[in-house]
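**Student:** The lines below spell out each chain.
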Amino acid sequence: MNALTQDSDVAVPLRDPATVMRLARLGAFHQTRLSFMRVLTRRMRREGWSFSRPVFELDAIGVGHAVYSVVTSVRTYSLVAFAHDLPPELRSDRVIAEAWDSTFTLFDGVPTDADIERLSRNVPVQEAGRLQSTELSLGRANRSVRLWAHVVESLAAGRQPEPDRIEAVGYLMRTTAVYGSGKFGAADRESTADRAELSVPFQIEMLSVYLVRAWVRDLVQHAADTAGGADSVPLDPGIARSIGIGNSTGLGMAPFILNHPVLFDHWIAARETALARVRGVARASVAERTTFRALLARSVVSAARWRTEHPLQAPRVARLRKDLQALVVRTGDAEQDGLEGDRPWDRLYRWAEVHLGLEGQECLVSLVLEPYGELIDDLADTLACDRDLPAIDGGMPVSDVASTIERVYGWARDIDWDARSARARAWYVSAEKLEPRLGERFEEPIEPYEQPLAPGRDAIALHRALAGWAPDTPVAELLLRHPEHRHTVRRLQTVARAAYAEIRDNTIDATLSPADMLRAKLSFFGAIHFDPRSDRWVRICMYAGAPYPEALANGDADTWPYPELPEQGSGRPA
Amino acid sequence: MSRSLNEIGLLCKRAARGGGLDWGLAEDAARGARWSASLGLPGPAMLATRLERLDGRSLDALSPDVTTDVWRAASGSLCPLAAGAALADRAARLAAGGPITLRDPACPLLVLAFANDAAEQLGTPVRLAWDGIRLTVGGGRLRIDGARDRLDVDGTTSLTCSIVKCLPEPAVGAGFRGEVDDTVWERLTVFAARTLAPATEESRRRGAGGE
Numbered sequence: 368m369n370a371l372t373q374d375s376d377v378a379v380p381l382r383d384p385a386t387v388m389r390l391a392r393l394g395a396f397h398q399t400r401l402s403f404m405r406v407l408t409r410r411m412r413r414e415g416w417s418f419s420r421p422v423f424e425l426d427a428i429g430v431g432h433a434v435y436s437v438v439t440s441v442r443t444y445s446l447v448a449f450a451h452d453l454p455p456e457l458r459s460d461r462v463i464a465e466a467w468d469s470t471f472t473l474f475d476g477v478p479t480d481a482d483i484e485r486l487s488r489n490v491p492v493q494e495a496g497r498l499q500s501t502e503l504s505l506g507r508a509n510r511s512v513r514l515w516a517h518v519v520e521s522l523a524a525g526r527q528p529e530p531d532r533i534e535a536v537g538y539l540m541r542t543t544a545v546y547g548s549g550k551f552g553a554a555d556r557e558s559t560a561d562r563a564e565l566s567v568p569f570q571i572e573m574l575s576v577y578l579v580r581a582w583v584r585d586l587v588q589h590a591a592d593t594a595g596g597a598d599s600v601p602l603d604p605g606i607a608r609s610i611g612i613g614n615s616t617g618l619g620m621a622p623f624i625l626n627h628p629v630l631f632d633h634w635i636a637a638r639e640t641a642l643a644r645v646r647g648v649a650r651a652s653v654a655e656r657t658t659f660r661a662l663l664a665r666s667v668v669s670a671a672r673w674r675t676e677h678p679l680q681a682p683r684v685a686r687l688r689k690d691l692q693a694l695v696v697r698t699g700d701a702e703q704d705g706l707e708g709d710r711p712w713d714r715l716y717r718w719a720e721v722h723l724g725l726e727g728q729e730c731l732v733s734l735v736l737e738p739y740g741e742l743i744d745d746l747a748d749t750l751a752c753d754r755d756l757p758a759i760d761g762g763m764p765v766s767d768v769a770s771t772i773e774r775v776y777g778w779a780r781d782i783d784w785d786a787r788s789a790r791a792r793a794w795y796v797s798a799e800k801l802e803p804r805l806g807e808r809f810e811e812p813i814e815p816y817e818q819p820l821a822p823g824r825d826a827i828a829l830h831r832a833l834a835g836w837a838p839d840t841p842v843a844e845l846l847l848r849h850p851e852h853r854h855t856v857r858r859l860q861t862v863a864r865a866a867y868a869e870i871r872d873n874t875i876d877a878t879l880s881p882a883d884m885l886r887a888k889l890s891f892f893g894a895i896h897f898d899p900r901s902d903r904w905v906r907i908c909m910y911a912g913a914p915y916p917e918a919l920a921n922g923d924a925d926t927w928p929y930p931e932l933p934e935q936g937s938g939r940p941a
Numbered sequence: 002m003s004r005s006l007n008e009i010g011l012l013c014k015r016a017a018r019g020g021g022l023d024w025g026l027a028e029d030a031a032r033g034a035r036w037s038a039s040l041g042l043p044g045p046a047m048l049a050t051r052l053e054r055l056d057g058r059s060l061d062a063l064s065p066d067v068t069t070d071v072w073r074a075a076s077g078s079l080c081p082l083a084a085g086a087a088l089a090d091r092a093a094r095l096a097a098g099g100p101i102t103l104r105d106p107a108c109p110l111l112v113l114a115f116a117n118d119a120a121e122q123l124g125t126p127v128r129l130a131w132d133g134i135r136l137t138v139g140g141g142r143l144r145i146d147g148a149r150d151r152l153d154v155d156g157t158t159s160l161t162c163s164i165v166k167c168l169p170e171p172a173v174g175a176g177f178r179g180e181v182d183d184t185v186w187e188r189l190t191v192f193a194a195r196t197l198a199p200a201t202e203e204s205r206r207r208g209a210g211g212e
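Taken in order, these protein sequences are the chains called A and B.
Numbering (this note's numbering) for the first sequence: 368 to 941.
Numbering (this note's numbering) for the second sequence: 2 to 212.
To be clear, the hints were calculated from the coordinates, so they are not data collected in a lab.
Wrong hints could be hidden among the right ones.
A short, non-exhaustive set of chain B residues, derived as facing chain A with CB atoms under 10 Å [stated by the list, open to error]:
#, residue
1, Leu6
2, Glu8
3, Asp29
4, Gly57
5, Arg58
6, Ala89
7, Arg91
8, Asp118
9, Glu121
10, Val185
11, Arg188
12, Val191
13, Ala194
14, Thr196
All C-beta atoms, glycine included, are put in the ideal place defined by N, C-alpha and C.
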């Protein structure tokens, strides 16, 4: 049922960017209906994509390659995956590693034997290889050594692996990089962005990982069958479904949301618009309330399974568990319904703002969207934006530049930029592997290499430089004299038109936690169970619970991020 | 070699920064080189030539004096990047007044992307002319007339920039790949390397934060 058909729905304003765009809140975001993985799985099912595995050639020690093809309504894409014999001492999650258990690319079309031969020389060496415009992504994955061994040994001996051990890790392999958009010669996003199935951001990467999950499942079965021979048994489909693909994300991803401010604005604006629409719903139907309650119950299970030892994240997860219980109580059950009455979701959200932590509030945002696919799923079409660096409007008067800084960067004017702690960090790119890093400005010789990733500091510097210029002077005059502000003027003009483009925190502060930036981005991918391994890299799980390709047509292609309740019919979990 | 536009843009941005440009102008230079390459023009090669000539010198003396419609550098040849940026920032002047002339610009092709920005802002095609070659851009498309061999000269005595009513056809549009040969790539890589912090044990330990 579409809630918009009710005549008393009202418009609720979007949340204030000053509230949303703080790193602490962005770092508490959860997956939603609009997450890129879920947009993809819904589309695959809706359009009836078909899957096949035309090539699967592995030797006795599991070295070889396979091709997984997916036929959409108009095209074919093929994952070309390689399995390697990786000595344990070379297994590293660092992006600077040089060997992996598996490497892969998403090929645009059906690869010929010559393509596969070419790819076999280039994909396994990753950055050292060369791709063409027929390749859409490049990635690699490493085994979770302990879980891999347990699953292979169990299946080979004729028994299923222990669910507790699977739950403790969550994945058999984790990707350590999945590159898209033009990396190492691959096709640029612009060249495929007009395809409906790829227009939503990161669909190439999400499809790559979805197919890799099937590949990894088949790979572990092959290893078990080889080891166990006639004794080996197939992995139980239910257990297989609970297994995701891990991902280890380091700092390299953090600058993305700073370097693509308009794109990031589109993501946040879609999510905020969805929330505002749902908060405006006048009354929730029984079906909508039931959906919410069911997924809340499943969120309780998910939070219970969320494991992290990180000193900042572990207490947040603990608080989230308590908050979810509070939500269960607050929203009652079918008999004592806390969701009856006018504008139930708006009331619930306002209550949450007062009573729940940031993790709980943002988890609630995700949950209230769930019953309203018809109302909000169209917003997936607004997630993309392929123009991030416009030309400068040199005619803008410096008075407008000043007022824009005051409006967008008001928070930065309160910071004492002369204090060393406010400038303690610097973003730079290392010569070693061309990856972004974060260093200590006053302790390492990195400042000459600093990347322009401190918009707050730079905006305030520009504001100071405006002093002495007549208010109606075109900014072009200032830029001719002070070209060092050109980057910031462009950014200012860009973010002035996009409410959620700019993070409203100091990205070079001594207390910055880049893990918040990683979390924000990964939540839009649809990742769950964020496990920061330090303040600058995060492990996550992707696609756990999702149906595999052969089960997609009859499986749950939508709410799979929420784990099934342990026992149906036993009421809400304690 | 066929390159993706993203790798061309990224290398050119790093190279321009490594060659001494401020970030904002480096972004424009890279965007321009990328767009130029997508049209089959030697923008990346011209950028390499320009950075080699500039070699870290300040742009102050090479930037235009824009008080009249004839723009000169205070001394020596005019920097096409500084002049191009100044031109795009003053697109309205092209529409309101007559042509703008750049005296003694180096690598004139590097002005083209800025002319394209101006054309986009004005909503009307913009033409650059030097040494008997005329390049007209509009809507991201390009038409070349005249002395094609003057496309990649490393300097000229005079370049005029003006608006025109319509883009002559046939004009070419941007593609999705660029050809940049290995020699040019290596020349740009030399400059790009200057933006990269040398790895130290300390930075390995702290910076990436991995295992």
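**Student:** So, for every hint listed, does it hold in this structure?
**Tutor:** To see whether the hints hold, each was checked on the structure:
Given the 10 Å rule on beta carbons, the hint for B/Leu6 holds: about 5 Å separates it from the nearest Cβ of chain A. Because the closest C-beta pair between B/Glu8 and chain A is about 6 Å apart, less than 10 Å, the hint holds. Because the beta carbon of B/Asp29 sits about 8 Å from the nearest beta carbon in chain A, less than 10 Å, this interface hint is met. Given the 10 Å rule on beta carbons, the hint for B/Gly57 is violated: about 12 Å separates it from the nearest Cβ of chain A.
Nearest Cβ of chain A to the Cβ of B/Arg58: about 14 Å, over the 10 Å cut. The hint is violated. Nearest Cβ of chain A to the Cβ of B/Ala89: about 6 Å, under the 10 Å cut. The hint holds. For B/Arg91, the suggested interface contact is upheld, since its CB lies about 6 Å from the closest CB of chain A, less than 10 Å. With 10 Å as the threshold, the beta carbon of B/Asp118 comes within range of chain A, its nearest partner Cβ sitting at about 4 Å, so the hint holds.
Checking B/Glu121 against chain A: minimum C-beta separation of about 7 Å stays under 10 Å; hint holds. Interface restraint check: B/Val185 against chain A, minimum CB-CB distance 16 Å, threshold 10 Å, status violated. Hint status for B/Arg188 relative to chain A: violated, with the closest Cβ pair at about 18 Å, above 10 Å. For B/Val191, the shortest C-beta to C-beta distance to chain A is roughly 13 Å, which exceeds 10 Å, and the interface hint is violated.
Using the Cβ-Cβ criterion of 10 Å, the hint placing B/Ala194 at the interface with chain A is satisfied: the shortest such distance is roughly 7 Å. Annotation: interface hint on B/Thr196 holds; nearest CB of chain A at approximately 6 Å, less than 10 Å.
Going down the numbered hints, you'll see the structure goes against 4, 5, 10, 11, 12, while the others check out.
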